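Same order as they appear, the protein sequences are chains W and S.
Quick note, in numbering that gives the first Met the number 0, the first sequence goes up one by one and the last residue is 570.
Quick note, in numbering that gives the first Met the number 0, the second sequence goes up one by one and the last residue is 331.
By construction, these hints were calculated from the structure, which means they are not laboratory data.
Check each hint, because a few of them may be wrong.
Unchecked claim - According to the in silico footprint, chain W covers these stretches of chain S (three or more CB under 8 Å from chain W):
#, region
1, 18-24
2, 147-156
3, 203-213
Remember, it's a predicted structure, so these values are computed and weren't measured experimentally.
Glycine included, every Cβ here is placed at the ideal spot set by N, Cα and C.
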Amino acid sequence: MIIGIDLGTTNSLVGYWRNDEAILIPNALGHLLTPSCVSLGDDGQILVGLPARERLASHPHRTAAAFKRYMGTERLHFLGEKGFRPEELSALVLRSLKSDAEASLGQTVHEAVITVPAYFNDAQRKATKAAGELAGLKVDILLTEPTAAALAYGLIGGDASDEQTLLVVDLGGGTFDVSVLHCFEGVTEVRATAGDSWLGGEDFVDAIVAAFMTGPGRDAGLPMAKSGASVQGLLRRQAELAKRELSDHESATIEVPYKGKAISWTLSRDTFEQISEPLLLRLRSPIERALRDARVRPTDLTRIIFAGGATRMPMFRRLIARLFQRLPVQHINPDEVVGRGAAVRAGMRMRDEGLKESVLTDVCPFTLGIETTDQDVRGRRVHGLFSPIIERNTIIPASRSKTFSTIDENQRAISVRVFQGEGRLSKDNILLGAFKVRVPPGPAGKESIDVRFTYDTSGLLEVEASVLSTKMRERIVIEGNAGVLSREQIKERLDSLAKLKVHPRNQAENMAVIARAERLYEERLGVQRDQIGGWLTEFLSRVEDQDPTEIEHARSVLAERLDAVDDKFFL
Amino acid sequence: MWQVLGIAATDDPVAIRRAYAARLKALDPDRDPEEFWALRRAYESALARARHSARSPVPPPPQVPDAESNGGNAAENESENASGSDGNLVNTSELERDPVDSAAVRAPTETDMLLANAQAESGAALGRFRGALSERDWSAAARELVSASARGLLPLANEEAHAAEVMKGAMADRDLSAASFRAVAQQLHWDGPLTWSRGAHDKLRQQVWARIDAENWYTALLEQASYRPPGGLNLHGWLGGDPKQIERGAAMMVLGYTSANNARRLKKWLDPLLVQAEQHQPWLGNRIDPCVIETLRDRLIPPPKAKSGASWIWIFIAIALLQVLLALANKN
């Protein structure tokens, strides 16, 4: 069985394809969305999903969220004493999704299709693959999120004569992606993609937090964000709630308890829009470039599709609607659309009969090339130039080559430095890897090498250089740069992850409700706080007794009580 | 190429696409990349040929169309665009035409809400923008522009030209303080390299960076000079163009009030500084006087003292030798 996974910045989903339909699998709590959060419990066990997110406010030092933003880097998140790489945290989320899928399907799952933002670079994609491996999943296909969205809308296959040009706008928790897709005769071609892997819903929350900290927060002497102090965790949560509330209401109130008092601030939709303007401005250029690269005019588009929870924001909808003079398609829940698409792709991977008639071609999102030295008209050397080999938005799998020759007399080796990016100079681009090719000594310019780049459908790059005179070959699969784990490292991490104790699935509901009560205890003040504390103690003693029916009863009682005081629950 | 596609030569793009689709479905690009590339090449050249022989206008390449061009050449574009040449008004019938769309719209009022008043608002915003420009209030103009773009009041690809107008104005305004110039550039995201730039305003963009660099350099310099005047000279005064200070400093150097060692140190420190100053000169014109730099250059010619120092040693040795000779003569 192959499953499809949407590994998101904020939430993740898992699904599969059966009976001509994408089916999303609920987690142990019965929710389709599993928050991409990991927390280290007080008993040393790992919590994943909603219970972990609840602990974000109460135990910020033992909890990690939004780690997808650091995929492809070596940044460690500390849960208590232990540092985790983004791949490992993602692997824990994937493992939890995998066990949800196994519980629901009644069979073991070995392979998955995982979605990545179209604008993820090589290192970020490799890290995502590594995360899958760490979770015990074979990941042959990384599907880009906009493509997944189009798949979910069933715009592929279908009526063969229906030729369509689609624009997919995906504003997720942490990334922004734009893709232009062309569908005809059951073929879906990604014509161009662009995006910003540092722009998403979380940035809008950050904007609210920043506005609070410079306004009412500073007046009340609230300490600035310092290593995730508890107050900051609560503030962030309140800001997230306010962001959601402002989608339906004209204003929202943020209340943060500090030194026994509540700092209250009412944020109007207009103010929110004003503080978000710099972020909205950043949405425009990727849209522009995707259209330009695809050679498509706004009026040529037959449909616009929204994906990602942040596309619910009225200001975002208004911006897109005004730019394109129409409203986007969105009858699938924007939170689920990518997950559903991943399930469709998983079905295609299994070569399901119902999907045989559709094919998908993708493009590489960045220009890839090597560093070269050239001579200007006066014969002076210009170093560090970037010479593109595969241009951005080339259809993949792609294979291109270029020939380069020696520049010095008796040069013994040519060093091939592989870069990714759009800058004219290599220093403005990202170094992916480097190697050297030996060449026989001779006059400058006599020896040349042929550098071939091969980019496969999941966005992994292989570089091969061959010396024309000696037929010597040197090749690397771009791996082992700073942010990417090597094969041995993955093995090592796999062992250490196996040793981690994860809370058993059947306890997930208890953990979620406890974490929620703890969070509410920190959030509230006075009588309500004592009340919540009392309820929690009562429930914990029931859990100690270990009587399943008693626990279940107590849990539903506690959940009801919490619902009564906490109406702002969200997924 | 027609062989690969498996059809007879044709100029009909639909037939080409159909043939390509049929072939593509029969192969797996992951497993047979070579075959896929061959097919893709054939498909692309067939399409290019079809396009060429149809003489249909190629979609305008590097220019993203703006609202104004909407009504214009819609030659090979089936989607009728009735919204007219102003292109700013909503064509609500478009929503009704598309069954999926109308099902998706939560309530028809939302469309009206989102698109309503767009034209009036955009007119007002542009008015405020022009007003700020004519009052030379660059920061306000930038604010208006950002706000209009964020609210979708400007057609795609239009804000860069407007931003260029603001930056041009700000560049020409020599009275603008360094901090406010930087702030305006920041507001418009013109303060750093932009991978999205269309290249239309690259020259201006580079000038903006050069000026920001110059301002940063000058700020750092003033900071440095204010707490540690090297060689006892008041650099702040020099660079501020205070002639008295320059004369004093230069005189001190020439008259040897500063030791040779000190002068050498000062030169070492000042030389790259002067090069930089010259480089940034166009942007700091009213703050660093070019004459000052010239004066400094002239005065920094190494004083011919080292030689004389060396000859003193020779004279000393000569005297010592003489004394030794005299002593020997006395003995004899």
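Against the structure, the hints come out as follows:
no. : hint    : verdict
1   : 18-24   : holds (count 5)
2   : 147-156 : holds (count 8)
3   : 203-213 : violated (count 0)
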